[in-house]
Amino acid sequence: MHRTGELYGQFETLEQQKESAQFGMWVFLVTEVLFFGGLFLTYAVNRHLYFTAFGVGGNMLDLTLGTVNTVVLIASSFTMAMSVWAAQTNRKKLLPVCLILTLLLGGVFLGIKYVEYKQKFDHHLIPGHSFDLTYRINHPAPTDNPKELAAERTEIEEAARHEAPTEPESGLTALNAHAQLYFSLYFGMTGLHALHMIVGGGLLVWVIKESLKGRFSTTYNTPIEIVGLYWHFVDVVWIYLFALLYLINRHAV
Amino acid sequence: MSATSPSPDHKLPRDHYLNATYGIRSWLLTTDHKRIALLYLFSVTFFFFVGGIFATLIRIHLLTPNGVLVTPETYNKLFTMHGVAMIFFFLIPAIPAVLGNFMIPIMIGAKDLAFPKINLLSWYIYVVGGTFVLYSFCTGGLDTGWTFYTPLSSVYSNSAVAPAVVGIFINGFSSILTGLNFIVTIHTMRAPGMTWFRLPLFVWAHYSTSLVMILGTPVVAITLLLAGMERLLHLGFFNPAMGGDPILFQHLFWFYSHPAVYIMILPAMGVISEIIPTFARKPIFGYSFIAASSIAIAVIGFLVWAHHMYVTGQSTYAALTFSFLTYLVAIPSAVKTFNWTATLYKGSISWDTPMLYALGFIGLFLIGGLTGLFLACVGLDIHIHDTYFVVAHFHYVMVGGAVMGYVGGLHFWWPKITGKLYPEILSRIAAITLFVGFNLTFFPQFILGYLGMPRRYHTYPPEFQVLNVFSTAGASILALGYLLPMIYLTWSMRYGKVAGPNPWPATGLEWKTDSPPPTENFHVTPVVDWEPYDYSNRPDLGLAPGRPLAPAHGDD
Amino acid sequence: MQSQLPLYPEEASNFAPHVDGLMIFITSVCLFFAVGVTIAIIYFFFKYRRKHPDEVGTPIHGDARLEATWIVIPLILALGMFSWGAVVYVDYRHSPPDTLDIYVIAKQWMWKVQQPNGLKEINELHVPVNRNIRLTLASEDVIHDFFVPAFRVKMDVVPGHYNTMWFRPTKPGRYHFFCSQYCGTNHAIMGGWVTVMEPTDYAAWLSGSLGGEANPVVAGEKLFAEKACITCHVANGTGRAPSLNGMYGAQVLLADGTTVTADEAYIRESILQPNAKIVAGYQPLMPTFQGQLTEEQILALTAYIKSLQSQPVPAKGSGIAPSTGKK
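Chains as they are written, first to last, in the working numbering: chain E, 1 to 253; chain L, 1 to 556; chain X, 1 to 327.
Hint data in this document are derived by calculation from the structure and do not stem from the laboratory.
Careful: at least some of the hints might be erroneous.
[Claimed, not checked] Per label pair, the in silico range of CB-to-CB distance: (1) 42(L) <-> 217(E): 21 to 27 Å; (2) 162(L) <-> 193(X): 37 to 43 Å; (3) 130(E) <-> 131(X): 35 to 41 Å; (4) 9(E) <-> 28(X): 23 to 29 Å; (5) 164(E) <-> 103(X): 22 to 28 Å; (6) 164(E) <-> 269(X): 33 to 39 Å; (7) 68(X) <-> 217(E): 52 to 58 Å; (8) 315(L) <-> 98(X): 20 to 26 Å; (9) 45(E) <-> 63(L): 40 to 46 Å; (10) 45(E) <-> 346(L): 51 to 57 Å; (11) 193(X) <-> 42(L): 48 to 54 Å.
[Said to hold, decoys possible] DSS-like mimics (lysine-lysine), calculated; alpha carbons at most 27 Å apart, straight line: (12) 213(E) <-> 117(L); (13) 420(L) <-> 51(X); (14) 346(L) <-> 47(X).
A quick note: this is a predicted structure, and the numbers were derived from the prediction, not measured.
Note that the Cβ used here is the ideal one computed from N, Cα and C, for glycine as well.
Same shape as in the complex, but just chain E:
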């Protein structure tokens, strides 16, 4: 097994090794763009077809939590960039601190995601047999804001009318079906993103361990750079998700 920082057998020079690692990560990120791209395309097509239902679905997402998550992730990209800088400038004590902060912020992101998902679960918004857009307004919890609920009820009723102007009942059924599409894509896209964050967390754990052993320096810091690239990519994907899922067609409450 090779230890981090040594020249691997297939390379001629450390320079070549570093170039390969960086280029390799860029190529990998290109494949990730295409991977998420398919989902984004599906979302775009369905949004176009069912914009009413998608608008209703989007309004059911918690904008506060989503915004906090965005800030958290951008902050983690900042601490990640700091880590790269620390490695490049030989700040061997600062480096693990920044990396650990990045990991913690990532953990906060995932924790908030968990809370959001739990909310959806409680409101019967997980696609499947028990999916019911109207669950929350029909079974309000004591902590729910009545004004919010009333606004949601109006919105759902209006949307149902929009789906089938002459038959209100089938309008609600159609709205439910289309909103289920929205939430399938919501969970699919944010779930895939969360999976990538977890992988990123694993990578961070690895470089934290190595950085605590003092492995990285001005002359050798490639792993930090490529983990940084990956982390930034995951951050950028989130920004797109946030905009597309949470922000479009947002009504004020």
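Fit chains L and X to the known structure of chain E by using the hints.
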């Protein structure tokens, strides 16, 4: 016949990659790209057999209009599993993962690929994906067609769709990682002096192929994932009963699956671009045009997918656009064909087996590629879409093209990979058998298609029987053409004559090292200062007039 | 009719000559290049065969003008093929205003056709010659495709969409049509016949007839096949519907546990309101033939089914109640 003067007696090198270490662990945990190539050789051959057995059953069943060999359900599974096994587990990996893996590092003067462990991981991912698919085959089979159109695949089919989709999904990552490895390697690991325009065209071909692999495969991965989720979780992306759109599936699916056919053919074209200069002993005609055409095919290939969807009811304007672009993508392939032919002009042509395969490739790819022009034509496609015309077309390019390129490449590099020569007369007979059998099998299918016989039919109107019988007869000859090389190539590993470093001789960097090569490929890192295929300025090949150093192989 | 080994189907629509013309044009161009390149290869293969072992070829690296030539000329030809095909296709995708509109519904694994006056057909399409016909295609389940080789036209039938296609039949006759988008088990037998008739014959047919057969049992047997009853009511009991052998007069076990005698009234009800009584162990799959059969035709079918009384009853799959001794 070629040379008649006695060949010098070569001996196998003492240490090479095959005997460097022993034991099953040294193979299953190897990071040597050459050994990984052989692992792939073993597994793709296995899947070729699997797909081939299904094909045999199909052709036997179709001997009579009311086929009695299998039930309709079984027949539908046979053609589906034939397609899945052949496309995803044979055609897409074969040349890149076997010949590409073996040759690319040596051709560019490197010790290995950029990421050897990822290379091994690619193989394991392939094996895991293949296992899921085999599981699907054995527990109910698959009857959706390899194209998995929804809602048939996601809602109505009663076959083992889920494990198959999982297997293909997993296998996609094998392809992606191989492509990633090749791209980085070709960019960063070329030996000193190996500039881009000194690269062998085989490397250019694989670079273009890798672009397609990394950009296209993720899309089909996510598409199959969505279809699988639709099936398992009853979601509604592609199911109209739940607001979904089956045509969206087709767009997403073909966005990869069309470029996928270029993954299958570009490497084969790369093989041909190596074989023809070698056995004509002159530089390839139009090197830069052939290199550029590979890139052009890769790029334009991403823009033509909906030519599979002319009759789905998509907008007329869209159909015309895709037809136009499809005609454009034909041009670079035509350029290659003309350049290969021009390379033969004033060459010194030997009739060795790899050359026979290469010329067979050109003949069959000619028919296959030209019949693509028929299908690209929107006004004609409304008649021949989804008939046997399509089946004939894609078998001509994929089998007549890609498989011939693969088998030809195996013959060309067999001495380098094993250090041994195969029996020449038998191999030429096999090449001709393959060519004849192939044409007899698939040419009648063009006529069947124009007459109106749809594809994926387990029974057909009696007036189509004569052509079907021709086709099946041809298939039996084709099968022989495949079996023969498997037998004598295996035989040659033990009993073949020792080849020496450069039996043909050829000008590539891979021929400057031992046969078989040492684990680190070169004892000393080469420095490249010659142009590719430069037979006239390579005295080391022993071809200068007056120096009778003949690369004969004698008949075994 | 056709020669012993035909190369193309009959030309029976307005599109057929155009499609065949395209085929001939593209074949000619491709044949020219294919033959040209093949002859060149074979010629070079022999002419430049290696004469002694260390001979090399003449180093010719390339010729930009030659490259330009064989890029531009194929491009022009390709664009020619594209343009002609585009013209035909645009015509095909824009149906003229004066069409006879017929509805076609595809389901696994049969075709239901509805003529403009409401008359329904199964796996048959009757059309008058020299009229523009427009088919509106809908699917009840998966993607199918309606393909008539003699007309040289096809169009996918996609669930959740309506697709339309048009053609003008130019020759009376009977022409095969096929499903040409793989749709499951019986995709290969999901076809039928397009009958192109003279306008007067079509009009007569539209008002319904028995097809001129006097013997009701024989007429019923023909109808049984024509209306595709036979695809589900397989005689040996392996179909999706009960075998009708020996059914007439027997006790039939229903899904709700009751039994009923299979008399003429039961047969008539089963044809017109198939979901009224479902046989035990079977799914409610049978479509109704209300509006598709005249009383004469129902009587003919009944006569035929009665004649199956003496046919061998399958051990399984007839729906006949066990108390009569058969399962």
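These are the hints, each one checked on the structure:
Checked against the hint of 21 to 27 Å, the pair residue 42(L) and residue 217(E) fails, with Cβ atoms roughly 44 Å apart. The hint said 37 to 43 Å for the Cβ distance between residue 162(L) and residue 193(X), and at roughly 39 Å that hint holds. Restraint check, residue 130(E) to residue 131(X): a C-beta distance of roughly 54 Å breaks the suggested window 35 to 41 Å. In this structure, residue 9(E) and residue 28(X) break the distance hint of 23 to 29 Å, their C-beta atoms being roughly 59 Å apart.
Roughly 24 Å separates the CB atoms of residue 164(E) and residue 103(X), a value that falls within the hinted 22 to 28 Å. Taking the beta carbon of each, residue 164(E) and residue 269(X) are about 35 Å apart, inside 33 to 39 Å as hinted. For the pair residue 68(X) and residue 217(E), the beta carbons lie near 55 Å from each other, so the given range of 52 to 58 Å is met. At roughly 24 Å, the beta-carbon separation of residue 315(L) and residue 98(X) lies within the given 20 to 26 Å, and the hint holds.
For residue 45(E) and residue 63(L), the Cβ-Cβ distance of about 45 Å falls inside the hinted range of 40 to 46 Å, so the restraint holds. Checked against the hint of 51 to 57 Å, the pair residue 45(E) and residue 346(L) passes, with Cβ atoms roughly 56 Å apart. Checked against the hint of 48 to 54 Å, the C-beta distance between residue 193(X) and residue 42(L) comes to roughly 52 Å, which is consistent with it. Taken as a hint, the residue 213(E) and residue 117(L) pair is honoured in the structure, with Cα atoms around 24 Å apart against an allowance of 27 Å.
Between the alpha carbons of residue 420(L) and residue 51(X) the distance comes to roughly 26 Å, so the proposed pair stays at or under 27 Å and holds. For the hint linking residue 346(L) to residue 47(X), the alpha-carbon distance of about 8 Å falls within 27 Å, and the restraint holds.
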